[in-house]
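Undergrad: The primary structure of each chain is shown beneath.
There are 2 protein chains.
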Amino acid sequence: MSVPFKLSRGVLKTFPPPIPQAYAWAAKYVPTIERPLLDMAQGSPGYPPSKDLLDALSSAASQPSTARYSDVLGDMPLRRLLAKEMEIVYGEGTRIVADDIALTAGCNLAFVATVMGLADAGDEIILPTPWYFNHQMTLDLLGVETVSLPTNAAEGFIPSVEECAKLITPKTKAIALVSPNNPTGAVYPSALLASFAELAHSRNIALILDETYRDFILDSPPHGLFTASSTPWRDYLVHLFSFSKSYAIPGFRLGSIAASPAFLKHVEKSLDCLQVCPPRIPQIALSTHDLLPALRPFIRSNAAAIAARHDLFRQSLPSSWIIGSQGGYYAFVRHPFGGVKSNVVCQRLAEEMGVVSLPDGFFSNSQVGEAVDAGTWIRFSVANVDDDKIARVCERLKESETRFRWPLTP
Amino acid sequence: MSVPFKLSRGVLKTFPPPIPQAYAWAAKYVPTIERPLLDMAQGSPGYPPSKDLLDALSSAASQPSTARYSDVLGDMPLRRLLAKEMEIVYGEGTRIVADDIALTAGCNLAFVATVMGLADAGDEIILPTPWYFNHQMTLDLLGVETVSLPTNAAEGFIPSVEECAKLITPKTKAIALVSPNNPTGAVYPSALLASFAELAHSRNIALILDETYRDFILDSPPHGLFTASSTPWRDYLVHLFSFSKSYAIPGFRLGSIAASPAFLKHVEKSLDCLQVCPPRIPQIALSTHDLLPALRPFIRSNAAAIAARHDLFRQSLPSSWIIGSQGGYYAFVRHPFGGVKSNVVCQRLAEEMGVVSLPDGFFSNSQVGEAVDAGTWIRFSVANVDDDKIARVCERLKESETRFRWPLTP
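Each protein sequence line maps, in turn, to chains A and B.
The first sequence finishes on residue 410 if you use this note's numbering, and the numbering steps up by one all the way, no holes.
The second sequence finishes on residue 410 if you use this note's numbering, and the numbering steps up by one all the way, no holes.
Among the clues, some could well be false.
Estimated spans, in silico, between C-beta atoms of each pair [what the hints assert, rightly or not]:
1) A:Pro64 with B:Lys171: 42 to 48 Å
2) A:Pro64 with B:Pro293: 17 to 23 Å
3) A:Met76 with B:Asp99: 38 to 44 Å
4) B:Arg403 with A:Pro64: 33 to 39 Å
5) A:Ser62 with B:Leu37: 24 to 30 Å
For the record, the hints were derived by calculation from the structure and aren't laboratory data.
Heads up, the beta-carbon is just placed ideally off N, CA and C, and yes, glycines get one too.
With the hints as extra help, turn the sequences into a complete structure.
TA: Structure below.
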């Protein structure tokens, strides 16, 4: 299919969305009652929202006022509640107020709005590789150069601050980190994040930190960036969060940015063009009767369940499949078929075994530096499924070793 | 407030969102029971959604499945219903299918995704002036040059195809039209749109047509672009629509793009980064029990009420205030204070008279060609208010003539 008018170089350079590709493979699998499709592809909560939230959403939906616009940066009640929530999550000494918060139509949109505020076409942003594909696609679309900071299994997919420092040029506008990481699941230690903060602060560039999976770290606080006095957070940090995973409401599209009001003044321009306002209904539902803080036990119990599921996955995985890192929603696993690219492995796993997962090729590309064992890793979204399905997935992975007739890595 | 890290040239060049500015003026007005604030600023439906839709939204909200992601381009049932709806709106011979449709988190986001698919930084897009401010802000943010096609009151703010043709260069990627227009209300005649279609088609550039206010034209079909055989629409047209006005649900953020599947394949990349998926709840509510087509009478009765309100506004307006054009949600009115910029007039109207409206300065800038009488026009959103408030606004405009102590245009 060709388009008779001219397309942008940005869109032509950008990879097609990976998730629909994985589901196109899955569509070729013929499920049976005994062997249903087992979907560990998209980072999608395998648990429903809390009953209290469903009730609040339903009640908000029936009010005509919910259908009206909110402010560009979102409704003040939820911005206040989220600021308070962050003060609790990030521990004593954290000071965050509603003016530091923008609400967005999802965390991807928060990233796009942030990049629009920081970088022009031709500028550079540093991403650890493997990266979250939508971050890299966004940079391609905007003509911003992706500078790859390779990570590897030997280091637990933790990026090196020293290597990152070497990549900074006059064109560098930001370093963008995701912790717990997507796709690797690696949880960046507090000291590492502090070092990245010092690097960004000292070089006057922004540190974008996407903490979509923050609530699935059992230790708290996840880091000390919000309380560090040597690197005041508003001077360098653009903090991104998603309500999709913690509150199990991805379809309602709600995310947030925490940054200095001075930066948000500029981001407000992007957000006005991108969203006009964030969707109203989740804002109202989460702030009516101060529901947001009341959902903390819901979050903690899901986090504990997912942590247990990570353990189960590690214990049930056939011994030839090696976990490189694990955390948040994801486990990053090396498949045992030496010499076969994980794209091919994932396609056969989906089409023949009914196990949907994402190959590391979706989180990197050949134009940039890659780890030495790139092409052998697969992302499994452990949070998508229940314990029973974890066991079934592992059984089918074991089956694949004989069925695929590929030699196993010795 | 300064930002310690570097900002993009794009965001620094972009104007702050106009609506919050107007509401900042309004916040200085002290309303009383006798003299409430009269808001004709944002294009916001003054009527609630239909009871059937509110019920469907509430019912959808209580289902856990509503909280899940949909496809990047939206759920198939609503894409199918919208395609069918467009076949009815655009009349006999129209053929639009679900694969021609993408659903988006609002019509602004549809515009951003479209521009990302067409233009890189340094490219040009032609916008009639006065323009819809978010269109121009989006181009600034992306580093795309706005090429202004001035319109004026003498021509009823209708753009000239001949003048437009002269502006096309090798860097031109699209012409973007809004009809009924925002801010002028001008309804572009069918023959004019056909000429723009021929121009875009013959020059292999895209014609972006934003028909957010389409359902408020009483004559139908609004144009023949979808049935013209000499200019097959999929070869040049990117059609944008918003559910915000027709269905009175701006807070639910739903819009759409109709274009060739070949172009949507590329736009899907932008949409994956921008929205992941459009908000799920309005998609489900509008497609359950085929609700969308059942809301046609709701739309028609609101359209008739707004048309009557336009008449009332025209009849009630003091004779010194001149309507330049009128249609859809808006009336574009020349204020009577010769020599005073409408920005100043609108500020005083909001702060002192409690009448909130938007000056033409918000829809143009001094760097581009302007009509000879630019600076004297004000946009009133007639759809925001009821008949009683229309009368009160007109009374206060009359009062302002003596109160402001500015000489009137002879």
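Undergrad: Next step is simple, just say for each hint if it's right about the structure.
TA: Do the hints match the structure? See the list:
no., hint, result
1, A:Pro64 with B:Lys171: 42 to 48 Å, "holds, 46 Å"
2, A:Pro64 with B:Pro293: 17 to 23 Å, "holds, 22 Å"
3, A:Met76 with B:Asp99: 38 to 44 Å, "holds, 41 Å"
4, B:Arg403 with A:Pro64: 33 to 39 Å, "holds, 35 Å"
5, A:Ser62 with B:Leu37: 24 to 30 Å, "holds, 27 Å"
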